[in-house]
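Q: Protein chains in written order, with the numbering used here: chain A, 1 to 383; chain B, 1 to 383; chain C, 1 to 383; chain D, 1 to 383.
Because the hints were derived from the structure by calculation, they are not lab data.
Please note that a few of the clues may not be correct.
Since the list gives no way to pick one copy over another, a pair counts as held whenever it fits inside one copy or between any two copies.
No more than 27 Å apart at the CA atoms, straight line, and that leaves these computed lysine-lysine pairs for DSS-like [unchecked claim]: (1) K319 / K383; (2) K133 / K341; (3) K178 / K157; (4) K325 / K383; (5) K73 / K40; (6) K359 / K44; (7) K344 / K171; (8) K157 / K354; (9) K173 / K354; (10) K133 / K9; (11) K171 / K349; (12) K325 / K157; (13) K171 / K133; (14) K178 / K12; (15) K173 / K341; (16) K133 / K174.
Number of protein chains: 4
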Amino acid sequence: MADQFAPRKEDKFTFGLWTVGNRGADPFGPVVRPHTSAPKIVEKLAELGAYGVSLHDNDLIPHGAADAEQRIKDFEKSLKDNDMVVAMGTTNLFSHPVFRDGAFTNPDPAIRRYALQKTVQSIDMSVGRFGAKIYVFWGGREGSETDVAKDAMDAVKRNRECFNYLTSYCKDKKYDVKFALEAKPNEPRGDIYNSTTGACLGFIATLEHPEMVGVNPEVGHETMAGLNFYHVVAQAIEAGKLFHIDLNAQKIGRFDQDHRFGSEDYKNSFFVVKLLEESGYEGPRHFDSHAYRTEDMDGVWEFARGSMRTYKILAQKVKQFAADKEIQALINKGQKEPMAKYSKDAHKKLMGEKFDIEKIAEKGSGYEKLDQMLFDLFTGVRK
Amino acid sequence: MADQFAPRKEDKFTFGLWTVGNRGADPFGPVVRPHTSAPKIVEKLAELGAYGVSLHDNDLIPHGAADAEQRIKDFEKSLKDNDMVVAMGTTNLFSHPVFRDGAFTNPDPAIRRYALQKTVQSIDMSVGRFGAKIYVFWGGREGSETDVAKDAMDAVKRNRECFNYLTSYCKDKKYDVKFALEAKPNEPRGDIYNSTTGACLGFIATLEHPEMVGVNPEVGHETMAGLNFYHVVAQAIEAGKLFHIDLNAQKIGRFDQDHRFGSEDYKNSFFVVKLLEESGYEGPRHFDSHAYRTEDMDGVWEFARGSMRTYKILAQKVKQFAADKEIQALINKGQKEPMAKYSKDAHKKLMGEKFDIEKIAEKGSGYEKLDQMLFDLFTGVRK
Amino acid sequence: MADQFAPRKEDKFTFGLWTVGNRGADPFGPVVRPHTSAPKIVEKLAELGAYGVSLHDNDLIPHGAADAEQRIKDFEKSLKDNDMVVAMGTTNLFSHPVFRDGAFTNPDPAIRRYALQKTVQSIDMSVGRFGAKIYVFWGGREGSETDVAKDAMDAVKRNRECFNYLTSYCKDKKYDVKFALEAKPNEPRGDIYNSTTGACLGFIATLEHPEMVGVNPEVGHETMAGLNFYHVVAQAIEAGKLFHIDLNAQKIGRFDQDHRFGSEDYKNSFFVVKLLEESGYEGPRHFDSHAYRTEDMDGVWEFARGSMRTYKILAQKVKQFAADKEIQALINKGQKEPMAKYSKDAHKKLMGEKFDIEKIAEKGSGYEKLDQMLFDLFTGVRK
Amino acid sequence: MADQFAPRKEDKFTFGLWTVGNRGADPFGPVVRPHTSAPKIVEKLAELGAYGVSLHDNDLIPHGAADAEQRIKDFEKSLKDNDMVVAMGTTNLFSHPVFRDGAFTNPDPAIRRYALQKTVQSIDMSVGRFGAKIYVFWGGREGSETDVAKDAMDAVKRNRECFNYLTSYCKDKKYDVKFALEAKPNEPRGDIYNSTTGACLGFIATLEHPEMVGVNPEVGHETMAGLNFYHVVAQAIEAGKLFHIDLNAQKIGRFDQDHRFGSEDYKNSFFVVKLLEESGYEGPRHFDSHAYRTEDMDGVWEFARGSMRTYKILAQKVKQFAADKEIQALINKGQKEPMAKYSKDAHKKLMGEKFDIEKIAEKGSGYEKLDQMLFDLFTGVRK
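Chain A on its own, in the form it takes in the complex (with noise of 0.2 Å):
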């Protein structure tokens, strides 16, 4: 019988070239496991029943590499061989020390102008060559650790400038593609700007060209502030803006863990699915994580394999509560009720109301048992 949980491409299922490929270093250690290219990536993930790939300029050529084509063309070969599509693209603006105090925020213009020049030609690879259709930013080295030199509204200022000059850009150039802004609220900066996906929702609205610009929302960042992260997608989803999601496991007020999808907040994990599964996003699932540092390949396989199965899991009970007609009859459908618009006449009517609060005061809730059906139906105790 087949697996009922394995992968298929209409899933969507995409993995940055960085996660199968993140080799293990961290602040107090070096590498732990080889290197392994980008087209033998494409590969393995297309063995493992992925969708695409998505993948920061410098991934695929090394900063200062000679044989940019010839990777490229390696790269395209593979996706082409492994039926597998660059579905996402971004720039590394973070990694070389001239980011070290920001790139489209740094308070030096050239530094700004380089970073520029290097978003263009890293978009005009992955949308231009490889057909990418959504462009991340993550701005990780915009912020500070300490604001005695640096103005945070002219940082505000200057990430505008930046995203106006490249929405402009692909309008020119007539790319297919939307921007996605990436949140993040600390780490490798001690506060990074654009700290929330709320935060960039709000910077999208000063934009010249908002309807190109949504957010790209991960798991991880919102959850080291502490915030709900389906609360967040709900928001984002709901305002037209959820252009693509980064999905790991995380626990709050920490480091930046990018741990397996569902390895963490199994229950919050269901519910992240839950709207993405019944809101009629249509994008990537994409993951953004990497093995344990403990692991070996195997394990970084292990890790690809589980982070597909649990999202497919999680649909699954996702489908089981929605045909669950004990729990549907326990959830208010009356609560879809809309206010009356404003107009002299409604509001005459609604000021006449009169309303008995203190009975409607008494009226609990039942969470407390809908939250136990649904450990319930998690566990699979309940059928």
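Given chain A, work out where chains B, C and D should sit, using these hints.
A: Relative to chain A, chains B, C and D alone:
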């Protein structure tokens, strides 16, 4: 000699009635201080040098009070006698048990309508009678402990319906008022929707009358999530959306402490005052905080005095910082240079520029030195 | 067919009177549920399958109650009628305003003496009359919001004086009781002394009768600080110091939530149950938690039912995990080998050993695979 | 006029070789600063006024270096030439991939033996040759990302075996050294065993030679978990267990920042210095921190200068605080009164005492006033 740190009307210091009126109850113990009437609070705050007060409807008129009109009149008399203003009004949509699962986002449409009716009545009082120019919305009960039974996208929609209604109402009434949304990540709910000021900015962009709606960031609320409050406020000001501010103090990652402004994170408090003083913000410097539960009423008034004194000491440090030539010389002035806007010509120039990034990358920022100079200045060692 | 997850006496499930008795007040709103008397709570919990209850002195006898003896008798009758025990007693040293700056560590020696007197009376009741074998100390008010006026070393000394007094008293009375210290990092105080279970273990080592004193770790309290509760409890058990445990649920870095056990961090809850079930711990499985404020009394009893049910579902998963041969084979059994004890000979041998560490370092741990197998088992996908 | 804040030998300021030697790599970028040799670091720190250095074995002798003896000699010469001491030694048990799943607690007994062998060699060098009086243990890799495969009680046992071995070894060698355990909650592991200084104190109580083992609390590590570092250190000193201290700065709930001492939480830094200066602690004031990644080598030396300067400015504030009669008068001096020890007579007296607790409860603490006076003193406004 007059105290240079004594508050003056033009400093625009305001306090919520609930702040100095806080009686010290907490989840593990009852009130420890006597009730102080609203007129008495106004009188005492005027004596201490405040500019005005803010209030929830129920701070003045407890739920179900029979003597509402008399309370209003006594309050108005005290304002007049003491040359005090109501700078901000807001609605208590969190105390009554009827709101335990939310007000504007409650699954029960009757409760949503009641919340709207109550808000209209409160606006009529605060804005219509007392002349408040700012109306704050803190949706403290809009959230969840479990997401099993409520769709977080519905919460956004319901919230929007209510805000669209209320802006239309205020426009129809020709009220001279702006709305300011106050974010909070959690408490009293497990997770609150619109959890950050950023989320509010994103939400505002989806409203019918976004120009009428801004934000009221609170030190404590953003700090609970570990965000850099100075960054948060900078984004809001830069977007033209800082309509009000709640000053207090909080440690990251714990319950809502509402401590005296400046009593935690001296350094970030300095940057916040710097921003308010130098950005042209002209709104109230509003304290939303309360005295430690260990205090009696003497302690409460010391708390109020200290809140304003701390702000003024920090404002004086800000001036010293701006006037310090050595410090200012170390802050890169060239950094204000704007990026070219996109055009075919500008683009050609950008793409043709050569950067010696290894060379540029060698240059240090000098932030350790500057940050230490700030410490010296802050401690009074640097004159 | 009988429900395999129905609680039985031998499961030793206990609840604080204050848990199902919690009426839903929080810092932003009053009570929402009716009062339930202690005898009624005992009766209802017995019906649901609990083994016993725990109590603060004031849960049974409110401060200043004139009918203490009658309350005690009614309570004893209900215990007897319902075959329930008092498994644990504790003192309320946090509600009355007199304790607002601490009880055992209060700067005022009269308050410290009063706290001691109150504790003795409570021990006489809980241990002397009701036969509780465990007495818990939670010093909720022992802490500070500012350290400007209290020496934190004095707090340790004062605490020690009280514990030395009380252990001597119990020994003198020949009470068959052990003390269990409960840590908490903050709330209601800004910072609480003995902030973690580790700190308590360190403190216990400095007491006159350390053998009589252990710990009562609480899921929520350690989790507030982001600590791994499974690790915390493991250290306590290994040291022979786990005398009691408080089961509930909490998100990291926020207010004290006291949610239903297992309703947050499903995975860590599994490991905690694994530890309790497999380590030989024979004490109560005590729930220190309460129903969401959204609930009415039906929800409260669902909460109680769910607490026990969740534990039993997890205990069943623990058994399945232990019986899963494939999983057990992947867990390195050789790892139990002890290190040689130091001796000149052993040392010579150790220093002479050659290690091919590059070779050893190649081996992966297989934890990604195992962790995914746990997910499969947890969700019921793995049979 | 001489700078009153210039460091002197008797201030006992020490730096790890790895601190000013830090080259700025982080999880998202490579090194940005040149290598500085150990002898050069010693020379430069001496010039800046430091008392000594500390080191990991591999700070001096990289893994596999062929010229170990020459490196040792050059280092010894530099120490002598510059009148510097090695105040503390420690072992690098975290960098090499072999330790990726732990050293002393690794499931593989061969790795545990290798870790022990490496530690003995490092002790022989640091203590035996360089005369370090303190040996620090930071078990950075002793932890887990998932608890699926390791028993946390085993970790405690394995750790204990190693510590018992090493204390026996040092006693046998008659080394004049004390061990200091350094706690950390997480990073690089998902969760680290012995996560807090409290946990270390509890663990020490279970060792064979507890008198030889104390703690080395680090500002950043306790602060990551949101604990009050002043409270943590106070418990350690009071227990006679503060053998060393790591001074730096950190925001709560994020990655290990290791910022310049005093650059975050000015206020808590003041209390920590107060404790060290007033408690009779005579050990090194050790900085375990590094310059921001934005800095070049000039910034590194500014960082070193600033670390010592900040300490001395705070120490001067501590003296001013102690000499301020108004402040001291407000701190209740009666609070030092000890509690009676238990005896039948003392008990009779205690139980007979009548307390007017309502009356006592009325008195406020005056902490708001005192805390504001501290702010005034800290900012130099209060002379």
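Q: Work down the list of hints and note, for each, if the structure agrees.
A: Verification of the supplied hints:
In this homomeric assembly, K319 and K383 come within 27 Å of each other (Cα to Cα) both inside a single copy, at 12 Å, and across copies, at 20 Å. In this assembly of identical chains, K133 and K341 lie within 27 Å of each other by CA distance solely across copies; the values are 24 Å between and 38 Å within a copy. Proximity of K178 and K157 under a CA criterion of 27 Å is satisfied in both settings, with 21 Å inside one chain copy and 25 Å between copies. In this assembly of identical chains, K325 and K383 lie within 27 Å of each other by CA distance both inside one copy and across copies; the values are 12 Å within and 25 Å between.
In this assembly of identical chains, K73 and K40 lie within 27 Å of each other by CA distance solely inside one copy; the values are 13 Å within and 48 Å between copies. When the C-alpha separation of K359 and K44 is checked against a cutoff of 27 Å, the pair qualifies only between copies, where the shortest distance is 26 Å, while the shortest distance within a copy is 62 Å. In this assembly of identical chains, the alpha carbons of K344 and K171 lie at most 27 Å apart only when taken from different copies (12 Å versus 44 Å within one copy). With identical chains, the CA atoms of K157 and K354 are at most 27 Å apart between copies only, with a shortest distance of 24 Å across copies and 50 Å within one.
Taking identical chains as interchangeable, the C-alpha atoms of K173 and K354 lie at most 27 Å apart only when they sit on different chains, with a minimum of 23 Å there against 60 Å within one chain. Proximity of K133 and K9 under a CA criterion of 27 Å is satisfied intra-copy only: 17 Å inside one chain copy versus 56 Å between copies. Proximity of K171 to K349 under the C-alpha cut-off of 27 Å is restricted to the inter-copy arrangement: shortest distance 18 Å between copies versus 49 Å within a copy. When the C-alpha separation of K325 and K157 is checked against a cutoff of 27 Å, the pair qualifies only between copies, where the shortest distance is 26 Å, while the shortest distance within a copy is 52 Å.
Proximity of K171 to K133 under the C-alpha cut-off of 27 Å is restricted to the intra-copy arrangement: shortest distance 13 Å within a copy versus 42 Å between copies. In this homomeric assembly, K178 and K12 come within 27 Å of each other (Cα to Cα) only inside a single copy, at 18 Å, whereas the closest approach across copies is 45 Å. In this assembly of identical chains, K173 and K341 lie within 27 Å of each other by CA distance solely across copies; the values are 16 Å between and 42 Å within a copy. In the homo-oligomer, the alpha carbons of K133 and K174 lie at most 27 Å apart inside one protomer (12 Å), although the nearest pairing across protomers, at 46 Å, exceeds that limit.
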